[in-house]
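Undergrad: Sequence:
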Amino acid sequence: MVSAKASYYWRLRKVREAYLKTADHTQTFVEVPSSAVQPVNMAAEYKIIALIRGRNNLTPEITEQASDSFLKTLLGVLGNAQ
571 MVSAKASYYW RLRKVREAYL KTADHTQTFV EVPSSAVQPV NMAAEYKIIA
621 LIRGRNNLTP EITEQASDSF LKTLLGVLGN AQ
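FYI, in our numbering the residues of the sequence shown are 571 to 652.
Don't take each hint at face value.
[What the hints assert, rightly or not] Computed list of lysine to aspartate or glutamate pairs in DMTMM-like fashion (alpha-carbon distance at most 20 Å, straight line): (1) Lys575 <-> Glu587; (2) Lys642 <-> Glu631; (3) Lys591 <-> Glu601; (4) Lys617 <-> Glu601; (5) Lys617 <-> Asp638.
By construction, these hints were calculated from the structure, which means they are not laboratory data.
All figures in this text were calculated on a predicted structure; none of them were measured in a lab.
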């Protein structure tokens, strides 16, 4: 009978092998300089109607397009933010 410890290390080895097979095929991320990114001006499209000052300097800007369900979710997330 195989011990639990031996089984754990055997499964760990199999997971690592599977990861290494897929790691060779993953995409690489390239840093894009900020000068190459066009700034987006949201002021022309969306009117900010509220700011919520949260903990840890979190201050989301709420636009008039924000739905009730989005606001409820946002307030829940802000309440749990650390």
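Undergrad: Decide, hint by hint, whether the structure agrees.
TA: To see whether the hints hold, each was checked on the structure:
| no. | hint | result |
| --- | --- | --- |
| 1 | Lys575 <-> Glu587 | 18 Å, holds |
| 2 | Lys642 <-> Glu631 | 14 Å, holds |
| 3 | Lys591 <-> Glu601 | 25 Å, violated |
| 4 | Lys617 <-> Glu601 | 31 Å, violated |
| 5 | Lys617 <-> Asp638 | 17 Å, holds |
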